[in-house]
Each structure stands twice: as C-alpha cells, then as structure tokens.
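Start from the sequences, fold in the hints, and give me the full structure.
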Amino acid sequence: MNERFALDFEKPIIELEKKIEEMKIISGSSEIELEDDIARLEKKADKLKKDIYSSLTRWQRAQVARHPDRPYSLDYINRIMTDFVELHGDRAFADDPAIIAGLGKIEDRPVVLVAHQKGRGTKDKLYRNFGMPNPEGYRKANRLMQLAARFGRPIVSLIDTPGAYPGLGAEERGQAEAIAVNLMTMAKLPVPFIAFVIGEGGSGGALAIGIADRIFMFENSIYSVISPEGCASILYRDAAQAPKAAEAMKITAGDLHKLGLVDEVIEEPLGGAHRDPDAAAEAVKMTLIAALDELKNKPLDSLIPERQEKYFRIGQWEQVKT
Amino acid sequence: MAWFQKAKKSLSPKERSQVPDGLWIKCENCGEIIFRRELQKNHSVCQKCRFHFRIGSREYIELLIDEGSFREFNADLKSVDPLKFKDTKRYTERIQKAVKATGINDAIRTGVGLMNGRKIILGVMDFAFFGGSVGSVVGEKITQAAKRAKEGEYPFILVCASGGMRMQEGMFSLMQMAKTSCALADYSEKNLPFITLLTHPTTGGTTASFAMLGDIIVAEPGALIGFAGPRVIKQTIGQDLPPGFQRAEFLLQRGFIDFIEDRSKMKETLSKVLSNLCD
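Going down the list, the protein sequences come from chains A and B.
Here the first sequence is numbered in my numbering, starting from 10 and rising by one per residue.
Here the second sequence is numbered in my numbering, starting from 80 and rising by one per residue.
Mixed in with the good hints there might be a few duds.
Here are some, though not all, of the chain B residues that point toward chain A, as calculated from beta-carbon distances under 8 Å [claimed, not checked]: (1) L156; (2) F164; (3) S288.
None of these hints come from the bench; they were simulated from the model.
Don't be surprised by glycine CBs; every beta carbon is placed ideally from N, CA and C.
Structure, rendered in structure tokens:
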C-alpha cells in the first residue's frame with residue numbers, strides 16, 4: 010500500500026485504515042475469519058472521520074483545501090466532462106498553464122470551462138506555477154468568456170488558486186489590469202455563469218474568474234481576501250500566526266455561507282474530497298447540472314441585473330451623524 | 080491583496096497624511112529644504128525635483144473642484160465590524176482611531192461639484208484612513224457615486240490612493256471589487272467618461288478593479304502602482320526589484336496608463352480631456 014500524505018489530524022484515520030487493509034490481506038490469504046472485525050473497524054473509521062472532520066478549525070480546513078492529494082480541476086474535468094477540447098493562449102503573449110480553458114459537455118449540456126490548475130509533483134507544480142496565474146491566464150479566460158457569450162454557452166469556472174502570481178513579469182504585463190477587465194466583463198456576461206470553489210479561493214486571483222450567478226463551495230474549501238499567512242505577516246508581523254489569521258478572517262465555506270457571500274456549501278465525501286475523488290466529482294457534476302438547468306431559461310433581462318444586484322447588496326455599514 | 084505596508088516606524092494616520100508641521104521641511108526625495116508655506120502653495124509638490132507629497136482627500140477636492148461647489152455624498156456611512164475582527168486590537172477600535180485622526184468616516188470622500196464650471200461626480204480616496212483600504216463603506220460609496228453619475232449623466236473622476244482591500248472585513252472587502260466593477264460596467268454603458276487618477280500608492284485589489292477600469296487612466300509622477308506590493312514580489316522572486324519598477328513612469332512605458340500629469344496642471348488637463356470627449 011502506498012504511503013499517502015497525511016495532515017496531523019488525519020493520522021489516526023490513516024493508521025486505522027492501514028490496520029483494516031492489513032486485516033483484509035490476512036483474511037484473504039488465510040483461513041482466519043476476520044470479516045466481523047473488519048466491519049467493526051470500518052465502522053469505527055467512519056465514525057472517527059466524522060468526528061474529526063466535523064470539528065476542524067478554520068486553519069485545519071485551509072490545510073485540507075490545500076491538501077496535496079486533493080483533486081484539482083483536471084481531476085474533475087476528466088471525470089465530469091465529455092468532448093472536452095482545451096483551448097490555449099491569450100492571442101497576445103503566451104499560454105498560461107495555471108489556467109485551463111476549453112469547451113466541453115456536462116451530461117450533454119455544452120459549456121465553456123475556465124479553471125485554475127495546480128500541479129501534482131515537483132515538475133508539474135512548476136509547470137502550473139503552483140496554480141498562480143499570470144495576466145495571460147486571465148486574458149485567456151476573458152477570451153473564452155467572450156466566446157461563450159457569442160455562442161450562447163453557459164460558463165463553468167472551477168476555482169483553486171493560492172492567488173494571482175506576484176512576480177516581476179506579471180506586474181510588467183499588467184496583472185491588475187487583466188483581473189480588473191475580467192471583473193467588468195463578468196458583470197455583464199449575457200450567459201449563465203456558475204463558479205465552484207473546489208479548493209483554495211485566493212483573493213483577486215480567484216475572483217478574476219468568479220463573478221457568478223451561482224457560487225458553490227466545497228465544505229473544506231476556503232475563500233479569502235488575503236492568504237492567512239499574508240494576513241498574519243502584516244497584522245502580527247509573523248506568518249506563523251496564520252492559524253490565528255484564518256480564525257479572524259472567517260475563510261471557510263461554512264463561514265461565508267453564513268455571511269451570505271456564497272450560495273451553497275456542497276458536502277464532500279467523508280474525510281475530504283481527496284479520500285474519494287470519484288464521489289467528489291459526482292457531487293460537483295450534480296451541483297453544476299442542477300444550476301445549469303435552473304439558469305438555462307432565465308431571460309437576460311433578469312439574469313444580468315440579478316447577478317449585479319447580488320453584488321450590490323454585499324457590505325455592512327451604519328449611518329452616523331456627521 | 081491588501082498588501083499595503085505599514086511604515087517601519089508606526090506613525091499616526093494624521094502624521095502620515097500631511098506635510099509635517101514646522102516651518103521648514105525636507106523633501107523625501109531630493110532632500111531639498113522647503114519652506115512649508117511655499118510647499119502648500121505648490122500643491123505639496125517639491126519645486127526642485129517635482130516629488131509629489133501625499134495629500135489628503137480634502138486637499139485633492141480643493142485642487143480639482145471650483146471653490147464652494149462641492150457637495151458630499153454618503154458622508155455618514157461608517158464601517159461596522161461584520162467579522163468581529165480582532166488582531167492585536169479590535170477592528171472597531173482601529174476604526175474609531177482612524178475617524179478621530181482624519182475627521183472622515185472612511186477612506187473615501189465622494190460627491191458632486193464643478194470642475195471649471197462642468198458638473199462632475201468625484202471620488203477621492205484618503206490614504207490617511209486605514210491605508211486607503213477598501214471595505215464595505217468605500218465599495219458602497221463608489222457604487223453609489225457611479226449610480227448617481229449614470230443617472231445624472233455626469234463624468235466620473237476617481238482619485239485613487241489605496242493599499243488594497245481591507246483585511247479586517249475579510250471577504251466583504253474582496254467582494255467590493257466585484258461590486259464596484261458591476262457599478263462601473265453599468266456606468267460605461269452610458270458612454271460617459273470614467274477617469275481614474277492614480278496617486279501614490281495604488282496597489283492590490285484597488286488596482287485590480289476600479290483603478291484600472293478607467294476609460295482614461297492618469298497618474299501622478301512617481302506614484303507606486305501595481306497589483307502585488309514590492310515587498311511581496313521581492314520575497315517571491317528572491318531578488319531586488321529594478322529601479323523605478325511599478326512607478327507611474329514604468330506603467331506609462333509598459334502601456335498601462337494614458338499619461339502622467341503634474342498635480343499643478345491636473346485640473347486643467349482633466350478639463351481638457353472632458354471637453355474633448357463630451358462637448
């Protein structure tokens with residue numbers, strides 16, 4: 010059995026699963042009857058997962074959201090889309106592997122897809138720039154959004170990025186401009202737009218493909234104005250205080266749903282999406298299909314104003330005497 | 080986002096925002112000793128090196144708007160604390176302190192006024208208030224201003240000075256990028272000019288939303304303009320940044336702003352732009 014990466018709080022689960030695995034091997038190769046014991050342990054493992062995962066701190070959820078085994082966009086695309094054709098490049102500078110964009114179908118429903126893509130393994134991670142897009146990635150996404158508008162295809166975006174890349178070239182080529190233009194484009198797109206935060210929603214780099222009619226978040230995903238580490242290094246002058254910053258900023262799917270900032274929290278397989286990517290993909294697919302069907306016949310003169318109205322309502326303040 | 084940096088020595092917002100007291104002051108850029116009244120007369124611009132000292136929202140309104148014609152909108156909006164945010168201090172305490180120090184309720188003033196006789200909607204961010212950071216109140220005021228500009232069919236000028244989105248309001252802040260962009264998308268359908276004026280510094284989510292959405296984008300000389308702050312980029316790439324990186328002149332050369340204008344000529348130049356576009 011291959012060793013899997015385990016977060017600290019996952020270790021009891023992994024140990025128990027190992028034990029079950031061993032017992033299964035013994036049971037398969039000998040006469041000893043172990044089925045009852047295995048069933049008992051499996052039940053115990055389920056309960057353990059439930060207990061641990063129902064009481065995670067915000068920082069622990071952030072760690073699940075960034076878990077190296079967590080399914081990334083391509084893992085979902087491969088499981089839920091058919092006829093997928095990836096399209097590349099911003100027609101101006103380069104193709105950005107940190108953003109995947111393309112055409113495909115979800116159960117016969119044609120969609121345009123834009124998604125952040127993180128890499129697995131060192132080489133792939135570098136290739137995908139750890140899921141941190143450059144301006145050309147956002148411009149590619151914009152090109153696909155315009156294409157979707159022209160061909161009347163709804164847009165699905167999968168969000169999973171630590172943030173837009175803060176590099177020399179990114180600044181030189183207008184990272185801020187690329188993001189800003191996308192925000193303005195999405196505000197008026199004449200097709201349904203569904204965003205699904207599958208892992209990390211890293212600030213403006215996430216929002217740049219995230220102004221949507223419906224925003225879903227996986228229960229162990231996060232979305233924040235700045236990374237907990239970034240926040241901690243500014244407010245506490247110490248990135249190691251990230252757990253505190255995560256608590257203060259309220260970054261989990263549950264928090265944001267309670268605050269009215271996302272539409273729905275989607276349950277993950279027990280123990281997180283990485284424990285059962287197939288089931289996680291099924292959940293994504295079902296959610297997207299329901300939203301696509303719901304928005305399919307919405308007339309444009311209510312689709313766009315309702316999308317905007319949703320954002321116009323966001324914010325809290327008081328009125329004081331001046 | 081919200082990569083605004085605190086000065087090494089923590090100064091009170093008031094001290095940071097204004098030309099220091101005392102009869103003489105030293106130019107931060109060239110070291111020239113300047114008579115304070117002289118500096119104020121010159122819109123806080125060093126006459127030797129053209130360094131633009133940071134000025135407050137009130138001063139910028141006086142600079143652009145015909146005397147006595149400014150009527151402020153939504154001055155009564157004040158931040159609340161939706162997340163019950165606390166780091167070393169409570170967010171509510173920090174707001175209280177900023178309000179006291181600056182005399183404004185949040186990091187932007189918006190309103191209507193005349194610029195060389197032409198009615199415009201104007202928003203001016205104030206870096207002295209919480210680093211010009213954008214939370215619910217700033218987002219709402221910009222949104223309201225854009226709506227009024229659209230309804231009245233007025234040009235809309237927005238003077239930016241901001242470290243980005245305000246961490247203490249978490250995702251409420253980030254979503255102000257979306258909210259203001261929606262309002263500006265509506266405004267742009269009217270074929271009315273939206274002009275952004277970027278002053279030192281304009282970074283983070285502010286740049287990545289309304290600041291970069293101007294039909295015309297103008298900057299003050301030497302202003303730092305970017306997405307990520309210089310310190311973050313330096314950390315990421317592990318090397319020093321080239322001289323002049325992310326300054327207004329660099330952005331002009333890279334094609335991201337329309338022109339750079341000296342503060343003393345700003346009102347005249349913006350008036351020319353509007354007359355060329357709208358009359």
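Against the structure, the hints come out as follows:
Interface hint at L156 of chain B: satisfied, since its Cβ lies 5 Å from the closest Cβ of chain A, which is below the 8 Å cut-off. At its closest, the beta carbon of F164 of chain B sits 5 Å from a beta carbon of chain A; the interface hint therefore holds under the 8 Å criterion. Checking S288 of chain B against chain A by beta carbon gives a least distance of about 5 Å; that is within 8 Å, so the hint holds.
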